[in-house]
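S.K.: So you can see what is in the structure, the chains are spelled out below.
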Amino acid sequence: MKNSKLFLFIGFLTVAFLMTLSCTKQSAGTLGTELLPVEGSPMVSFRILFNVGSANDPAGKEGLCNLTLSMLAGGGTKTLTFKEIQKKFYPMAAGVGVRIEKEMSVFTGAIHIDNLDEYYAIFKEMLLEPGFREEDFIRIKTNQLNFLEKTLVGNMDEQFGKEILNLMMYANHPYGHHDAGTVESVRGLSLDDVNAFYQEHFKPGNITIGLAGGYPTDLPNKVKDDFSVLPEGFDPPLELPAQRMPEGLEIVIADKQTPATNISMGFPHTIGKSSDDYFALWIACSHFGEHRQSLSLLYQKIREDRGQNYGDYAYADHFIQGRRKFPATNYCRQQQYFSIWIRALANSNRHFVLRQALRELKKLVEEGISEERFELVRKYLLNYTKLYAQTLGERLGWQMDSRYYGYKNFLTEVQERLPKITREDVNKAIKTYLNTDNVCIAIITQDAQGLKDALVANTPSPISYANPNMPQKIMDEDLVIQTFPLDIQPEKIHIAKASNFFQKTGIPKTE
Amino acid sequence: MHKYLSFFLCLILSLASPMILQASQIFPFNYKVVELENGFKVISIPLPNPNIISYYTIVRSGSRNEVEPGKSGFAHFFEHMMFKGTENMSPEEYDNFLSEIGAGTNAYTTDDYTCYYVVFAGRENLESVVKAEADRFINLYWDEEMIKTEAKVIEGEYYASVSSPSRRLFELLRDTAFETHSYKHTTLGYLEDILDMPNQFPYSQLYKNRFYAPDNAILLVAGDFDHDQLMTLVNQHYGDWEKSGYSLITAKEPAQTQAKRAHYDWPTQTLPMLAIGFHGPAYSDENIDKAALDLMAEIAFSRSSELYQRLVIEEQKCQSLGASFADRRDPYLLTFSSVVKNKNDLAFVEEEIFKELERLKTDPVSEEKLDDIKSNLKYSFANSLGTTDGVAGSLAFYISLTTDPGSVNRMFDLYEQVTPQDIMAMANKYFEISNSSVVTLTGGKTQ
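From first to last, the protein sequence lines are chains S and X. Letter by letter, the first sequence follows residues 719 to 1229 in this note's numbering. Letter by letter, the second sequence follows residues 488 to 934 in this note's numbering.
Just so you know, these hints were derived from the structure itself, not from any lab. Any given hint might turn out to be false.
What the hints assert, rightly or not - Result set (DSSO-like, lysine-lysine): computed pairs, CA atoms no more than 30 angstroms apart in a straight line: (1) LYS801(S) with LYS861(X); (2) LYS859(S) with LYS571(X); (3) LYS1081(S) with LYS571(X); (4) LYS842(X) with LYS1170(S); (5) LYS618(X) with LYS868(S); (6) LYS1019(S) with LYS856(X); (7) LYS806(S) with LYS842(X); (8) LYS806(S) with LYS571(X); (9) LYS804(X) with LYS739(X); (10) LYS805(S) with LYS804(X); (11) LYS1081(S) with LYS1126(S); (12) LYS571(X) with LYS801(S); (13) LYS801(S) with LYS848(X); (14) LYS856(X) with LYS842(S); (15) LYS805(S) with LYS856(X); (16) LYS828(X) with LYS805(S); (17) LYS1222(S) with LYS739(X); (18) LYS806(S) with LYS618(X); (19) LYS805(S) with LYS861(X); (20) LYS804(X) with LYS1043(S); (21) LYS1097(S) with LYS571(X).
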């Protein structure tokens, strides 16, 4: 009996899995929908995409989008306090998540069908009838300030490095502040600011309702009706200024008492996933530094061959890790950048590894990718991307992103496009979009002045190994790396105390 | 209660008869357990997720097994060495093989076990995955030079973690609370032991022989595959793996007789932190102690609790507050922790936690609250089963504790049996001041 039930279960779910349908509707100024019904699924996934992000923060009110949306996801409604919401959500093991990015934010939730009605009633109220209570405001604003002042600068150096890189690349640009704002700007935010931002932006034309799973057929229309209470309107896509390319090697060093150095580097470029050239550049960057996979050339050279640190990666565009090591979804943006992430390494080896990463980038730009690696990486991406969308939320997220990029289904597009890409396409993309001369480099380390002096003087930077019998090939290459010249002008190196970052917009002044 | 009953009905889709499901069916998937002659246990869970397979190898050795002085962090270190290839397959060939099939692969080390996983698309790749994984577990090749190079990677991993004050806080708590048991150190190990890892080649051979053997490892496969085909392949490729026969003896932690306290001055700015640990029981799916304590942690310290609502949401003294009663093979800590907004409130928050524990000794919790907690635990567990990876990862934890996948069902069955009186009894049994260790961390001057 048990086996026959299981057979029914498997068969039912398999059929349901294969029978999923999707549809989407949105025109300018109207509410969009993205549906992924999965008949028989006991779960329902919500993704409410909001085409507004931290780049929409008014000047001087950086962090306002983050604070406003955090108030929706983490505060009470007109009829329920946040305490009451948590009490109601708890038996369902439910919640509402939010992530704010530059031009896009997303509210997420997942619930079992048993609890759908009760959950949705609260979820809807949180977004459409926020309470905007003073006590929630104080709590959430204080958390946002503590994050900027203490946590980001004091407790998470790898992320700190990436944020400094963003400040460098996007100075005087709507992207050029942390999504959470600055200490100065957040301190000045009021509950009226939050309310005004909500009123101004939370409009149907900025919102896409995403639903996936075994929801009842009338739910999409019900949700659309509910959201129709919002005043009509939409924000046109932001008109962003042209991205500034760094001039030479531009370095910012955050001086901090730490045993480990963190490095992030990169530069803006002009293509994203909607571009034909993206696929070729993606192969190049996957070869050079696939995120947290041994496929990464940087990982092989820096970690595996030399044991310098825990990992080294590179990205064709803005990257946020989702479940496991797969990319998250719903953080699309108009402007993109290439980046390299060097994870924490001993301070004594910082100059050597910086040289090594830039030398490898130079080799990539000059020599391109080999035929053998090209074939391997292309095959890898064809197979690995099959794992990207496993959960309901992941499938829905990719479906929504596909609309942004202009594809019916981006992951299907990958299967169609990659086999047609040639090694020549990849090498052409490398030459077109990557460079080694104009790079922003963010470093968190101690004795910043000592590093600056060594960089400007191109002081040799030999390293030593615990292994007395390192392969000769590596030792020979080390001799080249340790004197690899970096053309760094002293005026291009800026040192600032770590604790001064994120106090105000931009890179803090040297003291 | 009716809501989550229909939830499980839906999960299992028992369409033929309206049966009332018991908590013992929290894990809704059918599985098979087969043990090879060499003691290698295989758990197979065929699932309907089209074309995706999760292949987990669980070695029941973690930092708990680091019983000799100077060897802290070695289980984690050896996890790294497991990616160094064999005489049949160089590390480059192994990496290229995984890249070609586009596998998501990694490993992690815990207190009690080390888990290696390969998640991949394509039934046609199963044979080559079984072959490659069996080869590296049986025929791993490494030498002294490789040890010396990889040891620096561990040092780098340590550096990647040093900017996290919470990691330091919990290192300090374990070091303070434990006297003799290997749970005294974290999986990453002490820095001085990490720095000595380049010299540990002889010990690495001993470690491999002791713990990387079929009688100390379990294979868990979930996803789109045929069980019989899997077993044919497993017999073919793992059948010659030799038993270890080694029996680990961990130190018995003496009963704590007086309260302990420690403090760490973090060099840079950070929010003040507090952690309190009490020695508690080992994981058990038979004894009510751990099940009652798990529910108590949720009742008194989860987001739905009165204390959390008061200190985090209303009075806003804390940025976070929670309890973690981790499941371990040997008796471990029942831990409470909080990130506090103002260091002047550290003592107040500590006092409030102790007061709440005292209250739990005398005031029975309501049946309604208990039902809410049981519901939450079940939905939380079931929500984790949405992918092959989620199924395998969730079960891997319980398998590591007992080797028996049925343990998860028995544990949830125990949760159903917990009464308010059980919770009071456990509070009285474990939360004595003399059994506590309190550690605090505060930030230094601005830099």
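S.K.: Against each hint, give a clear statement of whether it holds in the structure.
M.R.: For each hint, the structure was consulted:
For the hint pairing LYS801(S) with LYS861(X), the CA-to-CA distance comes to about 20 angstroms; that is within 30 angstroms, so the pair holds. For the hint pairing LYS859(S) with LYS571(X), the CA-to-CA distance comes to about 48 angstroms; that exceeds 30 angstroms, so the pair is violated. Restraint check for LYS1081(S) and LYS571(X): the C-alpha separation of about 27 angstroms stays at or below 30 angstroms, so the hint holds. Pair hint LYS842(X) plus LYS1170(S) does not hold up; C-alpha atoms about 53 angstroms apart against a cutoff of 30 angstroms.
Between LYS618(X) and LYS868(S), the direct Cα distance comes to roughly 49 angstroms. Violation of the 30 angstroms bound is thereby established for this hinted pair. Simply put, LYS1019(S) and LYS856(X) have alpha-carbon atoms about 55 angstroms apart, too far for the 30 angstroms limit, and the pair is violated. At most 30 angstroms may separate the alpha-carbon atoms for a hinted pair to count; LYS806(S) and LYS842(X) meet this at roughly 26 angstroms. Between the alpha carbons of LYS806(S) and LYS571(X) the distance comes to roughly 50 angstroms, so the proposed pair goes past 30 angstroms and is violated.
Taking the CA atoms of LYS804(X) and LYS739(X), the gap is about 38 angstroms. The hint is violated against a cut of 30 angstroms. As the CA atoms of LYS805(S) and LYS804(X) are separated by approximately 20 angstroms, the hinted pair is consistent with the 30 angstroms bound. Restraint check for LYS1081(S) and LYS1126(S): the C-alpha separation of about 37 angstroms exceeds 30 angstroms, so the hint is violated. This hinted pair does not check out: LYS571(X) and LYS801(S) have alpha carbons roughly 51 angstroms apart, beyond 30 angstroms.
Proposed proximity of LYS801(S) and LYS848(X) is supported: the alpha carbons are some 25 angstroms apart, at most 30 angstroms. A hinted pair counts as satisfied when its Cα atoms are at most 30 angstroms apart, and LYS856(X) with LYS842(S) qualifies at roughly 26 angstroms. About 10 angstroms separates the Cα atoms of LYS805(S) and LYS856(X), which keeps this hinted pair within 30 angstroms; it holds. Under the criterion of a C-alpha separation no larger than 30 angstroms, the hint pairing LYS828(X) with LYS805(S) is consistent with the structure, at around 24 angstroms.
Pair hint LYS1222(S) plus LYS739(X) does not hold up; C-alpha atoms about 54 angstroms apart against a cutoff of 30 angstroms. Between LYS806(S) and LYS618(X), the direct Cα distance comes to roughly 50 angstroms. Violation of the 30 angstroms bound is thereby established for this hinted pair. Among the hinted pairs, LYS805(S) with LYS861(X) is consistent with the structure: their alpha-carbon atoms are about 14 angstroms apart, no more than 30 angstroms. For the hint linking LYS804(X) to LYS1043(S), the alpha-carbon distance of about 35 angstroms lies beyond 30 angstroms, and the restraint is violated.
For a cut-off of 30 angstroms, the pair hint linking LYS1097(S) to LYS571(X) stands: about 23 angstroms separates their Cα positions.
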